[in-house]
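Undergrad: Listed below, chain by chain, are the residues.
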Amino acid sequence: MKAGLTFTETLQGHLSFGEHDPQRGALRGTQEGNKIFCHLEVNVGDVERFYLPPQPDNALSGWVYSSALGKRLPVARGNLRFFVKDKSATTGVVTYQLRYCLLLFDELGHPLTVVGVKTIGGSHLGRLWKDATTVRIHLYKGDRFADVAGVSDAHIGHVQGLETLAAGVISVRPLAFLRQLTTLRAADPRSVVRFGGLFMKRLLGAYALGARADRGAR
Amino acid sequence: MNQTHFDTVIVGSGFGGSVMAYRLAEAGREVCLLEKGKAYPPGSFPRSPYNAHDNFWDPKEGRYGLFDLWSFHRIHALVASGLGGGSLVYANVLVRKDEAWFVNENLSQGGYENWPVTRADLEPHYDRVEQVLSPKPYPFEFAPYSGTSKTQAFWTATKRAGLEPFFPGLAVTFANGDAAPVPGEPIHEAEPNLHGRTRLTCRLCGECDVGCNYGSKNTLDYTYLSAAARCGAELRTGCEVKSFAPRDVGGYTVTYVEHPLTAAGPADESAPSTSHTVTADRLVLSAGALGSTYLLLKNRIAFPRLSRRLGTCFSGNGDLLTFVRKRPNAQADPEMPAVIDPTFGPVITSAARVGDALDGDGSSGRGFYLEDAGFPAHLAWALQVMAAPGPLLTLLSQRFLWDWTGKGADPRLPSQLARMLSGNTLAGGVLPLLGMGHDVPDGRLRLRAGRLDVDWNRRASKDYFKRARATSQRVAQELGATFADNPIRYLNRLVTVHPLGGCPMGRNEEEGVVDSYGEVFNYPDLCVVDGAMMPGPVGANPSLTIAALADRCADRLLEKRRRG
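Sequence lines, in order, name chains A and B. Okay, so the first sequence: first residue is 1 according to my numbering, each after it adds one. Okay, so the second sequence: first residue is 1001 according to my numbering, each after it adds one.
For reference, chain A alone in the conformation it holds in the complex (with noise of 0.2 Å):
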């Protein structure tokens, strides 16, 4: 039997529109003050294969408020896959993501996509904290959910038609992440302690693999 696992993840940022790119959109949004919060329910279907492809049941829900969208807007559509594995085309350098997917519909009724990627790895382990809170964000105009979702980085660029609407940075602050690590729940305790202890590995081992390709590159 599978042995499913929730937690509450919150995250907050600044985003601007008609941007594309999220350092700069975060940076233009906190001079605009448009503010963005994305509070999700993470609903892991299985703590032994979470990180595996296809992850089709890592389900993600809740709502996102942003002042420059109107009030809260629930999440129609969430999915969440952890660890995908990408490769830089330019340098070569192995990191992983986890990569957020969610479909969200405006007061009017009109929808939108978000796409959000957290990278880890690539680099020195003084990132990590930093790497595992922060989400580069997308908001593309309509429902791409079922086109973006199994997409990773280097292949969103090639996705037809899509438009940007806007682009910004969130991140978990320290005090959101402590109280996330109370919402963690499962039927079974082992299977938190087992999520955890997988969730390590696999973060603290991108990096193992950022520093053996540093070396390698040396």
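Just so you know, not all the hints are guaranteed correct.
As the list claims (entries may be wrong) - In silico DSSO-like cross-links for lysine-lysine, where the CA-CA straight-line distance does not exceed 27 Å: (1) Lys-1466/B <-> Lys-1159/B; (2) Lys-87/A <-> Lys-130/A; (3) Lys-201/A <-> Lys-85/A; (4) Lys-201/A <-> Lys-71/A; (5) Lys-85/A <-> Lys-2/A; (6) Lys-1242/B <-> Lys-71/A; (7) Lys-1060/B <-> Lys-71/A; (8) Lys-71/A <-> Lys-35/A; (9) Lys-1159/B <-> Lys-35/A.
Derived from the structure by calculation, the hints contain no laboratory data.
Based on the hints, put chain B in the right spot on chain A.
TA: Leaving out everything else, chain B in the frame of chain A:
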């Protein structure tokens, strides 16, 4: 069944929408104009306190009235909803924007406004709009117009303060054709207006800003909209647009809610609002600076390539309302009327312009216009009642004492009543002064929790407001009167009746949301044509400039169609 596809759908019937509706319909286009408010034929503007409580726009509460009041953190904006938009409640002043005030500042180096049009571009359109709205200066040389005390007082005081007063064009009918002006005469119209009712010449009742019940104002429903309706444009009232999106096949889908309006009085509660959808090849947003910007902000998700400048360049056109109060026992002055009666005459009759550093004539600072403002008689009565308890008590106690002692009281009650009414300087001696001008358009409209909000502070325009206030004070001094700020000012707030900006014009999408013809960058056939397209304050009363820009936009749309 109602038609559901049009060549052009226009949202709003103010100075932008009405001009567009007429020009496009005249050229044979199928036009549908959606107006959220009611139509107001002569005699339908509410006057009694009971009716006035329903005269606000608040659909959630079942109110579909004329006044739409937006209250933001530092600024309030009063606009109108009804067929004819702002023209229903404006003070009829049609003044062209000063040539020097088409400012070109460098936005990337701290500038605020950069106009992609010039006065010369607009000149032919100003002419064309004036032919329709036919502004005339106030006929002060004729009786009874010459007895307008506030005009006399304004002219004397502004001249003494070193300003040059003038009579601006007023879009009001004072006379039939070239005949001498007479108040209250039926107006001979070449073609019937859309209300199918007789209009009367101006009766000098001072009710311009609460809606003219005599049809004396040349409002848009009697001019552009009547002409548009004759050309076959479909005018739908009570239709509030909620959302719109581009269609895959080109053009736009527009979804609106139809409110259950009755011709007059409160709405019919039993009929719920119904939702409708229409499609159009062209969509023109003319819902006002606040309305159009709000609509675009709310529908932004359907328009990913909108410029980042959306919401910027907001200003209140430098509106500053102050009051001059005549001292009750001021010394007699031969050039001054003994009593200033602000309820006699149209709301604004005269204006004086104060120079700007841009004029190049040695003036410094930011320029503005100062205009006399009247108010309707029922407001004067309200002021009178506020000051009544004192005299009323004296009168009653005297009569009571006389009755009690059995001594013959003075039987001439009218003279005592008259004394009671004249002992009040509030109603009989207040001259509101309306200042407006070239302030700094650094406000920003945005959504906050689904509602429209303005980031605006008066810091950037501080010197401007200081100067406008000082000049008003000088005028008060020359009148031998005391000066009073708008009471709301003490709350560090301003009231504007001229909200502008939000979808500024620009040369490219880095500078503005729309081009100088109102077309939204990256979205062909979507236009914003109203006060929202102003990249800065107009300075003078903005209505004529909005109408002239709309006329220019219409020219371009028609020309484009002919070529395409």
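Undergrad: Hint by hint, say whether it matches the structure.
TA: Results of checking the hints against the structure:
1. This hinted pair checks out: Lys-1466/B and Lys-1159/B have alpha carbons roughly 21 Å apart, not beyond 27 Å.
2. A C-alpha spacing of about 20 Å is found between Lys-87/A and Lys-130/A, which places the hinted pair at or below 27 Å, so the restraint holds.
3. A distance of roughly 15 Å separates the Cα atoms of Lys-201/A and Lys-85/A; the hinted pair therefore holds under the 27 Å criterion.
4. This hinted pair does not check out: Lys-201/A and Lys-71/A have alpha carbons roughly 39 Å apart, beyond 27 Å.
5. Taking the CA atoms of Lys-85/A and Lys-2/A, the gap is near 24 Å; set against the 27 Å cutoff, the hint holds.
6. A hinted pair counts as satisfied when its Cα atoms are at most 27 Å apart, and Lys-1242/B with Lys-71/A qualifies at roughly 16 Å.
7. For the proposed pair Lys-1060/B and Lys-71/A, the alpha carbon gap of about 17 Å is at most 27 Å, so the pair holds.
8. Our distance criterion of 27 Å between C-alpha atoms is met by Lys-71/A and Lys-35/A, whose separation comes to about 12 Å.
9. Between the alpha carbons of Lys-1159/B and Lys-35/A the distance comes to roughly 53 Å, so the proposed pair goes past 27 Å and is violated.
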